[in-house]
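From first to last, the protein sequence lines stand for chains U and Y.
According to the working numbering, the first sequence is numbered sequentially starting from 60.
According to the working numbering, the second sequence is numbered sequentially starting from 0.
Honestly, the hints are just simulated from the structure, not real lab data.
Positions of the beta carbon are idealized from the N, C-alpha and C atoms, including for glycine.
Careful, some of the hints might be misleading.
To be verified - Ranges between beta-carbon positions, derived for each pair:
| # | chain 1 | residue 1 | chain 2 | residue 2 | range |
| --- | --- | --- | --- | --- | --- |
| 1 | U | 253 | Y | 44 | 29 to 39 Å |
| 2 | U | 102 | Y | 45 | 46 to 56 Å |
| 3 | Y | 64 | U | 103 | 22 to 32 Å |
| 4 | Y | 99 | U | 103 | 16 to 26 Å |
| 5 | Y | 125 | U | 102 | 46 to 56 Å |
| 6 | Y | 64 | U | 256 | 28 to 38 Å |
| 7 | U | 93 | Y | 150 | 14 to 24 Å |
| 8 | Y | 96 | U | 103 | 26 to 36 Å |
| 9 | Y | 45 | U | 329 | 58 to 68 Å |
| 10 | Y | 96 | U | 263 | 32 to 42 Å |
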Amino acid sequence: MKRFFTLLGTMALLAPPLAAHAAGTAAGTVISNSATATFDAGSSTGLTETSNTDQLTVDELIDVSVTWQDGGNVSVGVSEADGVLEFLVSNDGNGSESYRLTVTNQGGDNFDTTNLEIWIDANGNDTFESGSDTLVSAAGSGTGSNTADVVFDANGATETRTVFVVGDIPGTPTNTQTSRVQLQARSLTAISNALTTQGDVAAGAGDGGVDAVIGTSTGLDSADGIYVITEVSVALTKSSSVDDGFGGSTVIPGAVITYTIVVDVTGSGSVDNLVVDDDIPTNTTYVANSMTFDTVAQVDAGGGDEGELSGGTKGTVVFTIGTVAAVAQHTITFDVTVD
Amino acid sequence: MNNLKRLMPVLLLLLAQSAVAADATPVTLGVVAEREVVTVDADGNQVTTLERVTSAAPGETIVYTINYANDGAEPAENVTITDPVPPETAYIGGSAFGAGADLVASADGGLTYAAPAALRVPGADGELRPARPDEITHLRWTLRNPVAPGGRGFVRFKATVR
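Only chain Y is shown next, with the shape it has when bound in the complex (with noise of 0.2 Å):
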């Protein structure tokens, strides 16, 4: 019992820094890498599925989702989501999506975002040019309204493996 006393505040910090971890990051985020498959139904139509890969050769092309959730109690505002184009992968233009949200990209490595058509990157002669997809190396989705608690979602994008 003395032993038991002794350790019950220790216990109590710990149950107490668990649940400020918790409180900390309700929302949680979750990659998964996919690859498009096509397959022909019973009535001849072609239907597209996604099928989890863990190799992939280059020239193909990979879906990549971000799946959000807000396990909370409270909303979550002001959601960004920001992942970096795999140096290895080829961004894919306009297969950027999120439902409900405002996409904007980098093509500097993260130090500046914009619309991913006003990108502009320094062509061969140092004029500004708009930069190619490929050329994208961030991507950055801004989430219109808080999600609520139990609420979740995705985004997405598709990106070539060089």
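Next comes chain U alone, as it looks inside the complex (with noise of 0.2 Å):
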């Protein structure tokens, strides 16, 4: 049983788009036409007549649409458990369905994620929390997939919702490698009655009784998220180098030492609030107003910049650098004398 939308393709243009998402009159609504006909016959003037009542029943539609909602492959380390992949499932039909969520690990990456989990958004919040979070799959073993059969209403409040996808990271992958996973919804009614194609009909397959008819999703659709192994490690390097004031290196009282710490931070993702911090040597005094962060003189008090000079001139140098992307490199200068 197949049935043909040959004129959809028309009517998008002379009619305004039906909405991707849900909807349409709802499944089992009653579509009544009546005509009324006027007319004169000999002489008899303003004669009416009303025709019957042609009535028709409206389907169920079965559509959904499964996107992932991220925004950008998702941060995690090397072991960490518990990495969140967030997708919305929308049933995009008319009427009450369920759907099968299945996730799968998928080809073409560099490592399999383990242990995976189908999370419901139960409060809605679009932030996965495992305390009020409603953890609709077994617990997954292994890198196998999982399934979950969860209800959509069309016309209600969870005709939309949040799936989050929670997995454990192996031990083996390395910094930028990848892994993608695929969050699959399938209509039940299609796959009780094998409906794979647009069209397709299941007499009387839908809510209430209504033939299920298979949109053009075909009653099927997935997403794929990826993992990537964000590792970020900072990297100091520290050198110095005399002025003795008479052409030399010496080390004596009054010689002028400057210290110069390169900064790398490597790896990729990024690191927060990345202080970098030394304390004058003893035996040595600060010299005034000789900090500089990227060649740029920094002002001792603090204010603005990067450098400030904190406890005196027998104390600490402090570089608050804070967000920094990897890969970077800084460069820190401050001068000293010695007592």
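Now that you have both chains on their own, put them together as the hints suggest.
Structure representation (structure tokens):
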């Protein structure tokens, strides 16, 4: 049994496009149509005639969409538990329908995520909370797929749901490697009636016994989410040079020692709240206004720049760098005199 | 016999009433809903036929046909046929058809009628703007010629289930 939507193309041009999301007239609604005629016959004028009332029952349209919501690869660490991917599953039909959600590791990536679980965002805040959200799939094991059947009501509050896929990252991958995981939703009516093609009809299989008709999505949709290993590291390399004032580099009282600290941020991702501080060595005294950050002179008293002298000339130099995206390098210098 | 005699006036009255009723409605009207079914014939040509429907899914196009016939003894003159577009459907612009009929439409629930292209509705800014086909609420056909006794015909339009 097939139905042909031959006029859809024409309709799209002439009428405003039907909303792609849920919808439409609820399954089971009765559409009534009755016409009226007026006419004159002989000496009788203003006669009227009313037709029969044609009644059409609205079928249940089966349509679903799955979209990945994270907007980019989700950063995780090696051996991290409970990495979260966020998806939106939408019942785009016009009835209440159960969808079989299936989470599966995909190929074409670097590693497989393990113990994949499916959670429903119970409070609708788009944030995964293991305490208040609902685990709907049995806890998985290994790298296998996992399923759950969930009811979506196209005419109610559960027309769309945020679905979280939660998995554990193995200890083997290295920086920037990815794992691709798919969330699929398929109509249970489509599964049980073997409906696979747009226009397929299952008589009486819809809400309240109306026919179920497969829409453009074929009752099946999926989306992939991607985990990426993001390991960032910070390395400091400190060196010094001495100017004894006599053209040499002998450390004598009064000699000036210039310390250079090279800050390397490597890997991928970024670090936040990066602060580098260094105590003024014993038996030396900080040279006023000698700090530089990436060759820019710094104000000892702090202010808007990175460098600041804390605890006086025998104290500590503090560089507040903040968020640094890998890969980056910054260079700090300051001078002291030997007491 | 006495009983029958007593009943006669009643029977005559009933006959007279049904005769009056038949005279009052010589025009009959019937609405059917169908869908277009496209098949390919032996020569590879696409053939479109109509098939009665009792159910339809959102997005499907319904062809509504209103058949009229004059079963009376006199011509039916000044015939108009009015059909409200079911609110659960959207009229497809340009789809209304009626041989020998002039079409007007309403976008205000049947209060006023005009040619579809001349219909105006208030826009978001309060200014009147052309009505979209899906905003048409009623269609009305006016037959240019009388329908002779025994004559019949139909008018038709297409609408998409919302």
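Now the hints, each set against the structure:
no. : hint                      : verdict
1   : U:253 / Y:44: 29 to 39 Å  : holds (31 Å)
2   : U:102 / Y:45: 46 to 56 Å  : holds (51 Å)
3   : Y:64 / U:103: 22 to 32 Å  : holds (27 Å)
4   : Y:99 / U:103: 16 to 26 Å  : holds (22 Å)
5   : Y:125 / U:102: 46 to 56 Å : holds (48 Å)
6   : Y:64 / U:256: 28 to 38 Å  : holds (29 Å)
7   : U:93 / Y:150: 14 to 24 Å  : holds (22 Å)
8   : Y:96 / U:103: 26 to 36 Å  : holds (29 Å)
9   : Y:45 / U:329: 58 to 68 Å  : holds (60 Å)
10  : Y:96 / U:263: 32 to 42 Å  : holds (34 Å)
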